[in-house]
Amino acid sequence: MNDLNFSFDFFHLWQVIGGQLILIVAGLILILADIAMLKLDEDVRSRRLGWLTVIIFALTAAHMMSREWGLHNIVFMGIFSADKFSIFVSIVMVLSGLLAALMSIGYLQNNDVMKGEYYILMIYAVAGAIGLVQSVDLLMMFITLEVMSLAIYALAAFLKNNRFSQEGALKYFLLGSFGSAFFLFGVAVIYGVTGTINLTKIAQSIAGGLYTNPAILLAFAMLSVGLFFKMAMVPFHMWTPDVYEGSPSVITGFMATAVKAAAFGVFVKLLFVTFTPMLSQSGQPDFQNTINLAALGAYWKPVLWWLALLTMFFGNLIAVSQQNVKRMLAYSSIAHAGYMAVGIIAANGDGRMGVLFYLFSYTLMNLGAFGVIYLIDGKERNAQTLEDYRGLGYKYPALGFLMGLFLVAMAGLPPTAGFIAKFYVFAAAIKEGYFLLAALGVMTSVIGAYYYLRVIYMMYMKDEVRDVVRGPVAMPTVIALVITAIGVIYLGILPEQLANIANAAQQSLSMIF
Amino acid sequence: MMSGFETIVMYLGMSLLVVLAMLGASALLGPFRPRPQKATTFECGVPLLEPGHKRYSVRYYLVAVLFLVFDLETVLLYPLAVKYKALAQLGWGVFFEVFIFVFVLLVGLVYAIKKGAIDWR
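Protein sequences appear in the order of chains A and B. The first sequence begins at 1 in the working numbering and counts up by one. The second sequence begins at 514 in the working numbering and counts up by one.
Bear in mind the hints are in silico, worked out from the structure with no lab data behind them. Treat the hints with care, since some could be wrong.
[Unchecked claim] Mimicking DSS-like on lysine-lysine, the simulated pairs with C-alpha atoms at most 25 Å apart in a straight line are: (1) A:Lys160 with B:Lys551; (2) A:Lys395 with A:Lys301; (3) B:Lys567 with B:Lys551; (4) B:Lys551 with A:Lys115; (5) A:Lys160 with B:Lys596; (6) B:Lys567 with A:Lys115.
[Said to hold, decoys possible] Residues from chain B that face chain A, not an exhaustive set, calculated with beta carbons under 8 Å: (7) Arg568; (8) Val617; (9) Leu618; (10) Tyr624; (11) Ile631.
For each residue, glycine too, the CB sits at the ideal point set by N, CA and C.
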């Protein structure tokens, strides 16, 4: 009984994982609220639950920003940590959930699927994602990864009568479970070799001489494969186009941002804490030997170099030939994963800061783009092809402007957040001497500009061939779109503030113990 | 190296030999005349009554899923009850944790009932 170490303290628990607690309790309350409102009209019930969800996400974000931002005692019982890095990524995911919930209120009405479960699943997905990024324990990482994934599988299948939604969800479920199995097997091998599942203890154990052990490399490869599935890096990207095309548009935006943020956050944490000499920067005598872990860089850097290159090329090249806008954005999301991986390869402070900045700005522009797509769509799969977008820029000037803005941001043109994010990531790579990778990356981003700008070309320079009528525009969606548009432009002009916060966040990675 | 498993290995080997011998003998000695009728489903000699691909009620799965609630409760509460005396030394935290756990499952059960999961009509 002694090794359990029950130093339970509710105040400490509330400070470290208060965000998760709010979401879990709120999810339970929403389940009961959904039942209590069974008598009401479906439409009213769905709208009320939607607004409640928005309030809950706002409360969670407020709690995280106010209480957890400046803590000293950041690890709770060796399971969860509330370092600035986790909090930053968590806030990106909560923001994504908030914007997606705002848009969902209108989306569900347009598609006549008004079920309370939608919002409850969304809340649990974000709770799982926050737990995933906060955990410093491999087993807890696996559990929270599954909590997040199960909720997302169900959300992907939410359009009950849509064949594509069902197909995508089943593919996602099968391939996602396959990826999780890889992750779990990696955890088992790590535990077998080092005898611990705590990230910092694993780092110490490997640095103590195990870094020459091939089993460690095997385990690291398996853990990475499990997370690459969620990040949609290239050899493991097969599910992405079908799932992103079939899922409800708002959920696609949510998946492409929150799940990607969670997977990148946890991958950066796992990689830098456990397999690089990051912890030796903390100055603690216990972690001095982790400087040995630099030897592992010779193994993971070349692999990630090729993966990043392939991801950028495949994502951008295949997106060029897509006719469906949602499918095109799915391939573009693969390409963006490649750009973020460039920041990870740089393995310096600037690179990590760039990845965090990229995640934040990508959340804004991607969710915005999917919001516009659902508005033009009306009912799902009504108007999603490039042909349908012809001439829409003059018919609906506001929507056309917003779509243009988000696509320009994704293409990485100034003065938008997308340009700054790409700049940080590539600058970090050049600083570390990866000239070729950075040059090829910029080249693929030019390919990307072609298909992003093609949509704008269709909207403004072609006459419409089919009478496309947009769906009704709900007020919450307008709020969400205005927030994302202002954010995209603001971060493009004044990025220093967020960059400083992201820099502080990435520095805190060395203090997890 | 006598570890007591030799008898089991011998038993497995013998049964494998017997099975192979019986199957081999019947393949060697028996006649082989396939006919389409022989490939159809065998139902006690009478003609087939109905196709095997049938629809059956989703209630079956609902009951199975609802059972999961009680299943989890038992699986996790029994070990805790066995160890409870030792855990009680650590304070009231564990006592309340049990109730939180049961409450979470209870919400799921109430939800399922209210949504008509055991509404047999």
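Each hint, compared with the structure:
no., hint, result
1, A:Lys160 with B:Lys551, "violated (42 Å)"
2, A:Lys395 with A:Lys301, "violated (49 Å)"
3, B:Lys567 with B:Lys551, "holds (23 Å)"
4, B:Lys551 with A:Lys115, "violated (52 Å)"
5, A:Lys160 with B:Lys596, "violated (46 Å)"
6, B:Lys567 with A:Lys115, "violated (30 Å)"
7, Arg568, "violated (18 Å)"
8, Val617, "holds (7 Å)"
9, Leu618, "violated (11 Å)"
10, Tyr624, "holds (5 Å)"
11, Ile631, "violated (14 Å)"
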